[in-house]
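Undergrad: Start counting the sequence shown at 3; every next residue gets the next number (this note's numbering).
Keep in mind that the hints were calculated from the coordinates and are not lab data.
Keep in mind the model is a prediction, meaning the values are calculated, not measured.
Some hints could be false.
Taking lysine-lysine pairs in the DSS-like style, the calculated list, with each CA pair at most 30 Å apart, reads [as the list claims (entries may be wrong)]:
(1) 38 with 18
(2) 18 with 47
(3) 38 with 22
(4) 89 with 27
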Amino acid sequence: MITDEAIEVYDPPAFKPGEKVCATKYVKNDGTYPLKDIGEILVKKGDVGYVRDIGTYLQRFYVYAVEFVDRGTIVGMRGRELVSLDKAATETATEERNP
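Work out the full structure: start from the sequences and follow the hints.
TA: Here is the structure:
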């Protein structure tokens, strides 16, 4: 099935390894996460984690392996499910220096 979504891998990844990110959505186990029940919540909206690695899916999309330290989980997430906390902090600091 082909969708109208852009092919993300033509552009650089939105996040870098080590970057602090926040989940923008709830993520439930779809059966691919071991030792958890299907439907069990793996990540809650607002959970903070760190990008560990970047992979691709179907040669179209980036998948970010995000470690949520407080939950003790590493979950593969799409860029649209994350927001950078490092970039937000950098932008705020820049605005404060250059009003």
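Undergrad: Hint by hint, note whether the structure agrees.
TA: These are the hints, each one checked on the structure:
1. 38 with 18: holds (28 Å)
2. 18 with 47: holds (20 Å)
3. 38 with 22: Holds, at about 25 Å.
4. 89 with 27: holds (19 Å)
Hint violations for this structure: none, all hints satisfied.
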